[in-house]
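S.K.: With these hints in hand, go ahead and build the complete structure from the sequences.
One-letter residues, chain by chain:
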Amino acid sequence: MSLIQVSNLSIYTSQEPRVLVNDVSFEIHEGEAVGLVGESGSGKTLSALSILGLLPRGVEATHGEIRFLGRSLDDLDSESMRKIRGSEIAMIYQDPMTALNPVMKLGDQLMEVIESHPEVGELTIERVKEVLRDVGIPDIERAINSYPHEFSGGMRQRIVIAMALLLSPKLLIADEPTTALDVTIQQQILALVAEERQKRKLSMLWITHDLGVVANLVDRLHVMYAGRIVESGTVKEIFENPQHPYTQGLLSSLPSPRGASRERLSSIPGVPEKPWLVGSSCAFAPRCSFATDKCRQELPGLSGNSAHKVACFYPLGASR
Amino acid sequence: MSNPTKERGIVHYYLRSTSGIVGAVLLFIMVAVSLASLFKFTPHDPLYQDIENLLKAPSSNFWFGTDNFGRDVFSRTIDGMRRSLTVSITAVSIATVVGVTLGVIAGFIGGWFDQLVARVSDVLFSFPAILLALAIVASLGNDWYDTAFAIAIVYTPIFVRVARGPVLSVKEMDYVKAARILGYSTPRIIRQHVFPNVTAPVIVQIALSLSWAILTESGLSFLGLGTQPPNASLGLMVAEAQPIAAFAWWNLAFPSIFITIVVVGLNLVGDGLRDALDPARRSS
Amino acid sequence: MLRVIPGNTITAAFGIETGMLTEDQLADLRVYYGIDKPLIAQYFSWITSFLTGNMGYSYSTGVPISTLTKMALPVTIEVAIIGTVLGVLMGVSVGMFSARKPGSIRDFGGQLFGLLALAIPGFVLSTTIVTVMANKFKYFPNAFEYKAPWQDLWMNAQQMLFPGLVLGIAVAAPVMRTTRSAILETADKDFVRTAYGKGVPAKRVRFRHVLRNSLIPIVTMTGIQFGYLLGGAVIVEKIFAMPGMGRQIVDAIEKREYATVQSSVMVFAIMFVLINVVTDVIYRRIDPRIK
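Chains as they are written, first to last, in this note's numbering: chain Z, 1 to 320; chain D, 1 to 284; chain U, 1 to 291.
It is worth saying that the hints were derived from the structure and are not from the lab. Note that this is a predicted model, so its numbers are computed, not measured. Watch out, some of these pointers could steer you wrong.
Quick list of the computed label-pair ranges, beta carbon to beta carbon [as the list claims (entries may be wrong)]: (1) Z:125 to U:216: 28 to 38 Å; (2) U:190 to Z:71: 21 to 31 Å; (3) Z:7 to D:11: 40 to 50 Å; (4) U:148 to D:25: 48 to 58 Å; (5) Z:298 to D:180: 58 to 68 Å; (6) U:216 to Z:290: 38 to 48 Å; (7) Z:2 to U:204: 16 to 26 Å.
No residue lacks a Cβ here, since even glycine has one placed at the ideal position from N, Cα and C.
M.R.: The following block contains the structure:
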């Protein structure tokens with residue numbers, strides 16, 4: 001059952017329209033976890049934000065349709081959309097240091113979610129305490145009466161996660177929730193989210209730049225480059241049989257636990273192209289060792305089967 | 001922080017700001033009109049009392065009507081505008097020169113001198129302008145240069161502040177420290193590195209201070225401490241209009257509108273300048 | 001500071017007749033008025049007696065200055081408070097209104113309001129009100145003798161209306177600008193996005209999250225404006241015949257009565273310091289991060 005369907009999403013800046021996300025489509029089924037993987041600037045965060053209608057000022061989604069549980073989100077008025085936020089679809093963000101209101105007590109900020117959705121039912125501070133226990137906050141009474149600045153990044157992120165889980169949303173969007181944290185804390189947070197997902201049978205959208213991180217967390221993933229999806233597939237398919245040169249590059253640059261420790265990490269030469277500067281050609285062509293003239297002149301579309309799609313004229317592993 | 005060649009694009013950027021353009025237009029009109037008065041090119045003599053035509057409504061002969069002495073309100077208005085502009089420009093010029101010099105020197109030298117200058121200008125700055133101007137003018141006299149001098153003193157502190165700020169931050173920059181170590185003379189350092197960062201905010205402040213100065217000047221003449229009758233001054237005209245405004249509204253309306261227009265114009269020009277000179281180049 | 005201004009108390013008190021006093025008489029008078037001692041000594045003795053409540057004597061009215069001040073200060077404080085409150089209400093609402101859609105028509109309207117509020121001089125607005133209200137509508141409570149709030153609350157309220165409004169408009173202009181830019185800056189912050197993402201209604205986000213975090217510059221500006229009103233209400237006080245500190249100072253300056261001017265200025269200086277202290281206290285309450 002399709003929980004959420006994003007079709008042909010394109011996002012532009014309002015002034016001197018520059019395309020940031022170009023014709024992106026993906027789907028999340030109930031109970032599934034899907035990953036959006038790409039470097040910064042690839043458009044993954046914006047794609048996620050547009051689901052909730054949280055695009056920043058000066059940025060608009062001008063094409064495409066987003067369907068949630070069959071309903072088109074564009075048809076909804078702002079009040080209906082507001083009701084969905086926080087209760088049916090929730091999000092956790094990249095930087096816990098700035099994600100919370102500095103002058104409001106944590107307890108109040110958590111209760112605010114409940115208070116904003118009276119239609120969900122009778123929930124009280126007990127529910128808040130319950131979720132805080134789940135995410136591992138010690139000394140809950142004190143936490144409720146404290147301010148964000150009294151807590152470390154890891155703790156704050158737990159609070160953000162708690163806020164998202166309060167009303168048992170159907171879909172949880174996680175935008176690189178561990179990028180801003182210490183490595184040791186990262187593991188804890190990832191484990192926490194994975195655990196909560198299992199417990200509550202949540203559907204998830206994971207945004208990350210780290211293929212290594214996402215492997216254990218999602219069922220399927222999409223690789224984004226310069227505002228487009230260049231490869232999609234199940235985790236098994238992508239990792240065992242990467243078809244797009246970019247994906248291959250990402251995989252090779254992961255430190256391998258099996259390789260000799262003196263091995264140099266390989267990286268992809270060059271820098272990612274800005275989405276609005278790419279014409280109708282393959283965006284990765286300038287950095288691709290297999291690029292031909294055709295790649296530089298035509299835009300490859302996504303093709304393949306339901307388990308694995310790629311946007312490349314010369315997918316790796318296929319006959320050339 | 002900035003390099004001198006950026007001056008090239010300023011007019012171009014200024015023209016991109018709508019408020020800047022509107023302000024410049026308004027200001028231009030006001031200045032043109034004042035110049036007419038300066039060269040005695042007014043429809044009527046501002047002081048001439050036409051006894052046949054007391055308190056006449058605006059007409060083709062008397063564009064803004066006449067006052068209770070039969071004087072042409074239009075001629076008096078532009079004459080008053082000229083006086084206000086003269087006083088304000090003089091005052092702000094003095095304030096700029098003195099304030100910026102003090103601010104730059106104080107900021108650069110630091111130490112007790114800097115502290116002294118900063119404290120004194122803060123104290124002066126915390127006083128309401130009109131009050132301070134009042135106190136100074138009362139003991140000086142009513143000639144236009146007394147008023148200008150008083151207003152100059154009132155608005156010097158802000159220039160000290162505006163000039164001192166960039167100096168303090170630039171002073172700590174590595175390239176300035178390098179220059180000092182290399183033995184470059186202080187005046188040269190100031191000229192080459194400090195001034196470019198100071199000129200932009202100072203230019204914006206000049207426009208703003210001019211607008212405040214005009215308000216203060218007309219306030220003073222409203223109280224009778226500026227231009228004396230029978231000469232025309234916008235503030236004085238408003239004061240004189242009070243008893244007769246109920247049945248001769250033009251005496252109150254036109255000087256008021258003129259003050260407002262010139263202050264609006266200067267503020268918009270200030271905004272336009274700020275947008276043009278600010279590296280971020282955002283419109284407000 | 002004012003003592004170095006030419007024309008001293010004696011000439012003010014005696015006017016032209018000063019020229020007719022003999023040298024001895026002048027010397028005696030100088031001792032009497034205390035202006036024979038060096039400036040610094042005068043200043044010290046003045047400060048000490050000021051701090052003990054003795055502000056000196058107003059020669060023109062024959063009344064101790066402290067009495068004059070005691071009557072005038074509450075009037076000025078009251079009108080300054082009313083002006084500030086009205087100004088903040090107007091300024092913050094227009095600022096918030098403008099900031100919601102920057103660059104839009106409503107923003108343009110809001111900024112136009114701010115510009116006009118700034119550019120139309122207080123005395124013009126006051127004179128217009130006097131003309132329209134007194135002459136056209138025959139309603140002018142300020143024509144009657146001034147009544148303090150404890151004497152006649154209703155009359156006092158009416159008398160405060162116009163001056164409060166004029167001062168309020170003057171305050172609204174800078175407050176509106178400050179509010180608008182503070183809100184624009186805060187509105188882009190991450191935690192505001194989090195609030196919307198939680199499904200918090202827009203209105204609540206605007207007040208509880210955006211405004212609440214924009215308060216510091218607004219409070220700072222309010223404090224400055226209040227201080228300004230205390231002294232800068234001079235013209236308005238005069239037009240509306242309010243017997244406040246502003247009028248006291250203007251009269252004293254005209255009569256060259258330095259003692260009064262000096263005391264009044266000192267009073268103002270003390271009030272500015274107090275305002276700074278109060279603003280600091282408010283900062284602590286607004287932002288729990290400030291220790």
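S.K.: Taking each numbered hint in turn, which are not upheld by the structure, reported in ascending numerical order?
M.R.: Violated: hints 6 and 7.
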